[in-house]
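Line order of the protein sequences matches chains Y and C.
First residue of the first sequence: 19, per the working numbering; consecutive thereafter.
First residue of the second sequence: 19, per the working numbering; consecutive thereafter.
Hints are not guaranteed to be accurate.
Put simply, identical chains are the same to the list, so a pair is met inside one copy or across any two.
In silico SDA-like cross-links for lysine to any residue, where the CA-CA straight-line distance does not exceed 25 Å [to be verified]:
1. 227 / 143
2. 227 / 166
3. 227 / 214
4. 21 / 63
5. 227 / 55
In short, the hints are calculated from the structure, not lab data.
2 protein chains.
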Amino acid sequence: MPKTAGIVLVGNEILSGKIADANAAFLCRELRALGVEVRRISVIPDEVDLIAEEVVTQSTIYDLVFTSGGVGPTHDDVTIEGVARAMAVGVVRHPRLVAILEGYYGARLNDTHLKMAEIPDGAELVGGEPVRFPTILMRNVYILPGVPEIFRQKFEALRERFRDAPIHLKSVFVRIGEGSLADHLNGLLADFPRLMLGSYPEFANPEYKVKVTLESRDGAYLEDALAAFLRRLPAGALVRVA
Amino acid sequence: MPKTAGIVLVGNEILSGKIADANAAFLCRELRALGVEVRRISVIPDEVDLIAEEVVTQSTIYDLVFTSGGVGPTHDDVTIEGVARAMAVGVVRHPRLVAILEGYYGARLNDTHLKMAEIPDGAELVGGEPVRFPTILMRNVYILPGVPEIFRQKFEALRERFRDAPIHLKSVFVRIGEGSLADHLNGLLADFPRLMLGSYPEFANPEYKVKVTLESRDGAYLEDALAAFLRRLPAGALVRVA
Chain Y
19 MPKTAGIVLV GNEILSGKIA DANAAFLCRE LRALGVEVRR ISVIPDEVDL IAEEVVTQST
79 IYDLVFTSGG VGPTHDDVTI EGVARAMAVG VVRHPRLVAI LEGYYGARLN DTHLKMAEIP
139 DGAELVGGEP VRFPTILMRN VYILPGVPEI FRQKFEALRE RFRDAPIHLK SVFVRIGEGS
199 LADHLNGLLA DFPRLMLGSY PEFANPEYKV KVTLESRDGA YLEDALAAFL RRLPAGALVR
259 VA
Chain C
19 MPKTAGIVLV GNEILSGKIA DANAAFLCRE LRALGVEVRR ISVIPDEVDL IAEEVVTQST
79 IYDLVFTSGG VGPTHDDVTI EGVARAMAVG VVRHPRLVAI LEGYYGARLN DTHLKMAEIP
139 DGAELVGGEP VRFPTILMRN VYILPGVPEI FRQKFEALRE RFRDAPIHLK SVFVRIGEGS
199 LADHLNGLLA DFPRLMLGSY PEFANPEYKV KVTLESRDGA YLEDALAAFL RRLPAGALVR
259 VA
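Just chain Y, with the same shape it has in the complex (with noise of 0.2 Å):
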């Protein structure tokens, strides 16, 4: 059964336009490179009950999900306690973070820092090297935090625990028109049912009009599919495939 992945951007700033998000970018090329369908990306603003809903919602329809952002140490960070209304849990401090803590802070730790060591009770730290901090995982839910390059860090500590069957893709430009292209995307999906077939005009690019995407699961079906659309296509509609 492939993998499904949910992403919820908890994100005031994006919402606000001051940022645009680099990493629900990020984790799609990602888990797509993994073979990880992503099925949802929800921006949605740092208060607690809209993130404990949908957390409820993306943890139960998908296989995993990610958190991005609202996990420092200040009034705006309400995304562990979003996670643990979610699952009905409280609110604990883990020993371990709080060594990690202890330890990097020193004399100047306070309660203000203590709140770094919070989890939902029950979760579990995964990923911890070569990462200081580890990740918090509560049962399919990571929860990382928003500066991208620590985004990023602790993904790629995590990131062979998300590998799955490949997703193959070919690419098709070709130099007609979606209108002139539709009957031949309609008739190959007639002939390929499982194939993932998108169409993607670019009006300003000089090389091509039309960027076709086939995919599969199934390296030879992508194949047959791929030799079904060239056969399909006009005398000199074919720019390139890659």
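Go by the hints and put chain C onto chain Y.
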């Protein structure tokens, strides 16, 4: 009553990591500048049921909904059908859109092209000039294309419809970390409960450690909160205000 908005990106190509979103990031910036509060971005697959479900939810909760993508002539362009299903209406061809397509394609016009004349029954056409093709508005749902250049052109033709009371913003850059800052932020929120307050650490930035954002629709309230925050900061902590 401040206007709220939701954004639905119909985007297999985003979920599969083939492209990074540009439209939601653009729309969040533009709407914020107009005084509209974006409350959710959902990126979902090109599937009629999922589009319908998301549009039902968002159009009920928010004042405005914007969809992006899935409006071309090919098999994976199912946004019109999804919005129609959300509103429990059929799909019909609009005579004005048919006429525009006839003018554009002439004798080459085929049934595939005519798919682009389809609207949810009861939708209106808005913002047709100076853009060639008007935008389809179904109740409070603006149906926009995924191609960024056209998305922006269409939004520009509509933007003054969305203008609301502005949201004022002040950014305070400080050279102390969130661990030292959190108490000051909590104290500020206790005194100014209607303040929108964000705290964004930058670990790799040589100039400052945290960017604090203060926002309000009330300019005088914001100025008072800013003055109170600056008084709270320890000596030497302030880098600059912008």
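Cross-check of the supplied hints:
In this assembly of identical chains, the alpha carbons of residue 227 and residue 143 never lie at most 25 Å apart, being 48 Å within a copy and 27 Å across copies at closest. In the homo-oligomer, the alpha carbons of residue 227 and residue 166 lie at most 25 Å apart only across protomers (15 Å), although the nearest pairing inside one protomer, at 34 Å, exceeds that limit. Taking the shortest Cα distances, residue 227 and residue 214 sit within 25 Å of each other inside one copy (20 Å), while across copies they are farther apart (45 Å). Proximity of residue 21 and residue 63 under a CA criterion of 25 Å is satisfied inter-copy only: 16 Å between copies versus 27 Å inside one chain copy.
For the homomeric pair residue 227 and residue 55, neither the shortest alpha-carbon distance inside one copy (27 Å) nor that between copies (36 Å) is at most 25 Å.
Checked against the numbered hints above, the structure breaks hints 1, 5 and satisfies the rest.
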